[in-house]
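Given the sequences, and given the hints that come with them, work out the whole structure.
Per the working numbering, the very first residue in the sequence shown carries number -17; after that it's consecutive.
Don't read these hints as lab results, they were simulated from the structure.
Treat the hints with caution; some may be incorrect.
Claimed, not checked - The list that follows gives simulated cross-link-like pairs (lysine to aspartate or glutamate, EDC-like), each with its CA atoms no further than 20 Å apart:
id: 1; residue 1: Lys71; residue 2: Glu(-10)
id: 2; residue 1: Lys27; residue 2: Glu74
id: 3; residue 1: Lys(-1); residue 2: Glu75
id: 4; residue 1: Lys67; residue 2: Glu37
id: 5; residue 1: Lys71; residue 2: Glu(-4)
id: 6; residue 1: Lys67; residue 2: Glu29
id: 7; residue 1: Lys27; residue 2: Glu75
id: 8; residue 1: Lys67; residue 2: Glu51
id: 9; residue 1: Lys67; residue 2: Glu(-10)
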Amino acid sequence: MTVATWSESYLQLEQVKKQRALNRTRQFITVINRHVGNLLLTEIKREHLFRFRNERLQEHLVRAGKEREKTISLGTVANEISCLKVHAKQGEEMHQRYVNLKSGDVAKAFGIVEDCSQAIPKDVPAKQSSSVI
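The structure is reproduced here in structure tokens:
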């Protein structure tokens, strides 16, 4: 899954919708998608973060549709990188939670059982197959 694809899902999470700074998070994600949106979440490496940082520090502020002389501050770039890290970590957690399911995980996720080992009751006899010869 690409960063841009995950961004759409990320912004729909209830915990993200409840953020006080949701509009700022959306702004960060727009910038992130412009620079690394085509990368897979699993492809993001340290060098991508450094390239993102260097590119952003070269960009000029845009206010009221006009490019200004002042460049993007280091603090803003640090906040964007932090947002990207959180974004990627939650994407990884969602992947682990929903893609790498094991037997009984669905029952556990729905609260049917506490422990995955209880997913199949032990006192229920195995179904006997009857064969006609």
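Hints and how they fare:
{"no.": "1", "hint": "Lys71 to Glu(-10)", "result": "15 Å, holds"}
{"no.": "2", "hint": "Lys27 to Glu74", "result": "14 Å, holds"}
{"no.": "3", "hint": "Lys(-1) to Glu75", "result": "18 Å, holds"}
{"no.": "4", "hint": "Lys67 to Glu37", "result": "17 Å, holds"}
{"no.": "5", "hint": "Lys71 to Glu(-4)", "result": "16 Å, holds"}
{"no.": "6", "hint": "Lys67 to Glu29", "result": "14 Å, holds"}
{"no.": "7", "hint": "Lys27 to Glu75", "result": "17 Å, holds"}
{"no.": "8", "hint": "Lys67 to Glu51", "result": "29 Å, violated"}
{"no.": "9", "hint": "Lys67 to Glu(-10)", "result": "16 Å, holds"}
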